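Q: Sequence:
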Amino acid sequence: MRYLASVAVLAIAQIGAAWALADNNVARPGGTYASLEAETATDCERLCTDDTLCMAWSFHANSCEFKAIVPAATPQEGIISGVSARAPASMRARFEPVPAATPTALIAEEHEALETPVAAGRPEDEISLALLGGPVAEQELRSRLGN
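Just so we're aligned: the sequence shown equals residues -20 to -1, 1 to 127 in mature numbering (1 follows the signal peptide of the UniProt record, and there is no 0).
Derived by calculation from the structure, the hints in this document are not laboratory data.
Be aware that one or more of the hints could be misleading.
Said to hold, decoys possible - Pairwise CB distance ranges (calculated): (1) Pro68 <-> Glu19: 26 to 32 Å; (2) Arg66 <-> Gly10: 16 to 22 Å; (3) Asp30 <-> Pro68: 16 to 22 Å; (4) Thr32 <-> Glu57: 29 to 35 Å.
Since we're looking at a predicted model, the values are computed, not measured.
Built from N, CA and C at the ideal position, the CB exists for glycine as well.
Construct the entire structure; sequences and hints are all you get.
A: So, in structure tokens, the structure goes:
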């Protein structure tokens, strides 16, 4: 029975370590409540795991920052950050930087097709404006109903 308990503890520890996420060149700005010295990102992660309030961490130049929340990830060179295993599962997703979209030239015909001129004076437009509570030229402001 003791052997089974020790195997279970070891398995849970390994699963917890696998859930810990670390991303290179990713910062998590904001939510810092403590800053400690650490030699490596692994040490920083271990220190965060030992702290019961730490939900995320960032490591840069032997400085380890503990976060009480899981801030949004942003790309930044030279920073390693991670999320604690105790953070909610929805916040433990890995940061995937989205490549910038290359702008495409808009063809003149497409541009003209996007701009549809509004035909003024059509009865449908007047009805639509009235239904939307828009101004009607003949009427002034209406009095308020009720108190």
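Q: With reference to the structure, classify each hint as holding or not holding.
A: Status of each hint after checking the structure:
no.: 1; hint: Pro68 <-> Glu19: 26 to 32 Å; verdict: holds (29 Å)
no.: 2; hint: Arg66 <-> Gly10: 16 to 22 Å; verdict: holds (19 Å)
no.: 3; hint: Asp30 <-> Pro68: 16 to 22 Å; verdict: holds (20 Å)
no.: 4; hint: Thr32 <-> Glu57: 29 to 35 Å; verdict: holds (31 Å)
Checked against the numbered hints listed earlier, the structure breaks none of them; every hint is satisfied.
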